[in-house]
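K.L.:
Going down the list, the sequences are from chains A and B. Everything in the first sequence is counted per UniProt numbering, starting at 1 for the first residue and increasing by one. Everything in the second sequence is counted per UniProt numbering, starting at 1 for the first residue and increasing by one.
These aren't lab readings, by the way, just hints derived from the structure by calculation. Values in this document were obtained by computation on a predicted structure and should not be read as measured data. One should not assume that every hint holds.
[Said to hold, decoys possible] Result set (DSSO-like, lysine-lysine): computed pairs, CA atoms no more than 27 angstroms apart in a straight line: (1) K119(B) to K148(A); (2) K237(A) to K188(B); (3) K7(B) to K218(A); (4) K220(A) to K154(A); (5) K218(A) to K259(A); (6) K38(B) to K220(A); (7) K38(B) to K259(A); (8) K148(A) to K55(B); (9) K154(A) to K47(A); (10) K148(A) to K237(A); (11) K218(A) to K188(B); (12) K118(B) to K148(A); (13) K154(A) to K259(A).
[Said to hold, decoys possible] Pair by pair, the computed Cβ-Cβ distance ranges are: (14) D139(A) to D60(B): 31 to 41 angstroms; (15) S115(A) to P93(B): 32 to 42 angstroms; (16) E153(B) to P236(A): 22 to 32 angstroms.
All C-beta atoms in this analysis are idealised placements derived from N, C-alpha and C, irrespective of residue type, glycine included.
Residue-level listing of the chains:
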Amino acid sequence: MEEVPHDCPGVGSAQAGRGASCQGCPNQGLCASGAGAAPDPAIEEIKEKMKTVKHKILVLSGKGGVGKSTFSAHLAHGLAEDENTQVALLDIDICGPSIPKIMGLEGEQVHQSGSGWSPVFLEDNLGVMSVGFLLSSPDDAVIWRGPKKNGMIKQFLRDVDWGEVDYLIVDTPPGTSDEHLSAVQYLAAAHIDGAVIITTPQEVSLQDVRKEINFCHKVKLPIIGVVENMSGFICPKCQESQIFPPTTGGAEVMCQGLKVPLLGKVPLDPRIGKSCDKGQSFLVEAPDSPATLAYRSIIQRIQEFCSLRQPKGENLVGS
Amino acid sequence: MLRVQGKAVHQCDSGWVPVFVDQEQSISLMSVGFLLEKPDEAVVWRGPKKNALIKQFVSDVAWGQLDYLVVDTPPGTSDEHMAVVDAMRPYSPLGALVVTTPQAVSVGDVRRELTFCKKVGLRVIGVVENMSGFVCPHCAECTNVFSRGGGEELARHAGVPFLGSVPLDPTLTRSLEEGRDFIRGFPKSPAFPALSCIAQKILNEAPVGLS
Numbered sequence: 001m002e003e004v005p006h007d008c009p010g011v012g013s014a015q016a017g018r019g020a021s022c023q024g025c026p027n028q029g030l031c032a033s034g035a036g037a038a039p040d041p042a043i044e045e046i047k048e049k050m051k052t053v054k055h056k057i058l059v060l061s062g063k064g065g066v067g068k069s070t071f072s073a074h075l076a077h078g079l080a081e082d083e084n085t086q087v088a089l090l091d092i093d094i095c096g097p098s099i100p101k102i103m104g105l106e107g108e109q110v111h112q113s114g115s116g117w118s119p120v121f122l123e124d125n126l127g128v129m130s131v132g133f134l135l136s137s138p139d140d141a142v143i144w145r146g147p148k149k150n151g152m153i154k155q156f157l158r159d160v161d162w163g164e165v166d167y168l169i170v171d172t173p174p175g176t177s178d179e180h181l182s183a184v185q186y187l188a189a190a191h192i193d194g195a196v197i198i199t200t201p202q203e204v205s206l207q208d209v210r211k212e213i214n215f216c217h218k219v220k221l222p223i224i225g226v227v228e229n230m231s232g233f234i235c236p237k238c239q240e241s242q243i244f245p246p247t248t249g250g251a252e253v254m255c256q257g258l259k260v261p262l263l264g265k266v267p268l269d270p271r272i273g274k275s276c277d278k279g280q281s282f283l284v285e286a287p288d289s290p291a292t293l294a295y296r297s298i299i300q301r302i303q304e305f306c307s308l309r310q311p312k313g314e315n316l317v318g319s
Numbered sequence: 001m002l003r004v005q006g007k008a009v010h011q012c013d014s015g016w017v018p019v020f021v022d023q024e025q026s027i028s029l030m031s032v033g034f035l036l037e038k039p040d041e042a043v044v045w046r047g048p049k050k051n052a053l054i055k056q057f058v059s060d061v062a063w064g065q066l067d068y069l070v071v072d073t074p075p076g077t078s079d080e081h082m083a084v085v086d087a088m089r090p091y092s093p094l095g096a097l098v099v100t101t102p103q104a105v106s107v108g109d110v111r112r113e114l115t116f117c118k119k120v121g122l123r124v125i126g127v128v129e130n131m132s133g134f135v136c137p138h139c140a141e142c143t144n145v146f147s148r149g150g151g152e153e154l155a156r157h158a159g160v161p162f163l164g165s166v167p168l169d170p171t172l173t174r175s176l177e178e179g180r181d182f183i184r185g186f187p188k189s190p191a192f193p194a195l196s197c198i199a200q201k202i203l204n205e206a207p208v209g210l211s
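Given the sequences, and given the hints that come with them, work out the whole structure.
P.N.:
Structure (structure tokens):
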């Protein structure tokens, strides 16, 4: 009976195919032959492409259903409210591409030009790319294994003509797998400002966020901070019950313990879901909602974080 | 959620021994969670390694005599889903329970999951609409925090059975956090009749005792 598999050393590592943890992995032969060791030329190509992109932010979560795509979309909306800020939103959730719907761009198609794929523009200063734009029907399923998803992500980073961009927001699927590794590896030479990690207050969610934080440490991805979503909804009639009780103190206590910034808490406003379903910006639809105020405060903190980092230079993300 | 975090998995002659979650040993569990040295350890694996573990979970775990094997999957239509469908195919699975929340954004993704099931020849037992309305345990007021009805409409559109809606109940959430037995602890919860009804529909499909 095999030992418990420890972490894959990485296909590019010297230990690829040779480590104890490689035993039993179907790729062992390939890795051991050294096929995975050569650096992917796309990394340099992407570095070139990303020279016109000032700040890159990854939006991560350990768990599904915590509101990551909702947050990514509203981060994009919020930043793009300043018409002098050029914003790009890249959806790398290949199997569950919700961004087109949330941004009100369902049914749009991607065009090719001499300089590559054009993103779909919601506004002059807000461009969006998603595999959703490449599917012909809302029922189409993208049944791809890791390597094919990685290939798509590589194309999105290398072949999309983003132009001059102040903020590139990358929305990811939940977890710590192919998509996340690929995004970090392909952007390795291009410098990612950091990651925003989304959670809900319950311990079951926080448990997965702690893993996500460890993933960031492992791949040397700076953490901008954590956002606690669906925070503190109370019954509008009796003001008593809380839906997602923070049984272990919620994100606040976790962030204190792990010394990671808590960017803010966004309360659950039923109108958020409705705005997303309609493809509208909740910030515009409900400007007085406490949730809008929370989003705006968080967006400001993210901007402050980014402005402190060098656009190109020392703090390169290691792969 | 089942209050067995930190337990270790042991080996016997017929394979890995799953962890029992209750005194009566009526529910056993296998999860990669049991194989981690620390609960906060991130499992940073690409597809092939995940596939290999899933195959092992199906073929190398000494499940013993089981009436039902329930497989919880991550969101998506990728490696894990293909791996588990392939691994389970020789055992003629009853089918897939597809869970959505009511909003259109959620339904938009779950439609693709239904297409996945069709493509891989996996029968859909039905759709469940989760987090369908929040019923306050204090005053019984129902607020549709994530809208309502999307799951039922999805089932209709896809031509598959709609198994039911499960409301959001903070006592259910809390039970899962604290690893308590919700079914025994909160029979008066509004989520309870919904869950029981769905379970009963599955039992009716495949009663215990029939092969």
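K.L.:
So if I understand the rule, the pair passes when the alpha-carbon distance is 27 angstroms or less; does K237(A) with K188(B) pass?
P.N.:
21 angstroms, holds
K.L.:
Sort out whether K259(A) lies within 27 angstroms of K38(B), counting only the CA atoms.
P.N.:
Holds, because 19 angstroms separates the two Cα atoms, which is no more than 27 angstroms.
K.L.:
Given the proposed pairing of K119(B) with K148(A), does the C-alpha separation stay at or below 27 angstroms?
P.N.:
18 angstroms, holds
K.L.:
Checking one constraint from the list: CA of K7(B) to CA of K218(A), max 27 angstroms. Satisfied?
P.N.:
With a Cα-Cα distance of about 25 angstroms, the restraint between K7(B) and K218(A) holds, given a limit of 27 angstroms.
K.L.:
Holds or violated: K38(B) with K220(A), Cα cutoff 27 angstroms?
P.N.:
20 angstroms, holds
K.L.:
In this structure, is the beta-carbon distance linking S115(A) and P93(B) contained in 32 to 42 angstroms?
P.N.:
48 angstroms, violated
K.L.:
Does K154(A) sit within 27 angstroms of K220(A), going by the straight-line distance between their CA atoms?
P.N.:
At roughly 20 angstroms apart (the allowed maximum being 27 angstroms), K154(A) and K220(A) satisfy the hint.
K.L.:
Between the alpha carbons of K154(A) and K259(A), is the straight-line distance 27 angstroms or under?
P.N.:
33 angstroms, violated
K.L.:
Mind checking the alpha carbons of K218(A) and K188(B) for me, to see if they're no more than 27 angstroms apart?
P.N.:
45 angstroms, violated
K.L.:
Do the Cβ positions of E153(B) and P236(A) conform to the proposed distance bound of 22 to 32 angstroms?
P.N.:
26 angstroms, holds
K.L.:
Can the restraint linking K148(A) and K55(B) be considered satisfied, given a maximum Cα separation of 27 angstroms?
P.N.:
21 angstroms, holds
K.L.:
Between the beta carbons of D139(A) and D60(B), is the distance compatible with 31 to 41 angstroms?
P.N.:
Holds: the Cβ-Cβ distance is about 36 angstroms, inside 31 to 41 angstroms.
The earlier numbered hints that this structure contradicts are 10, 11, 13, 15.
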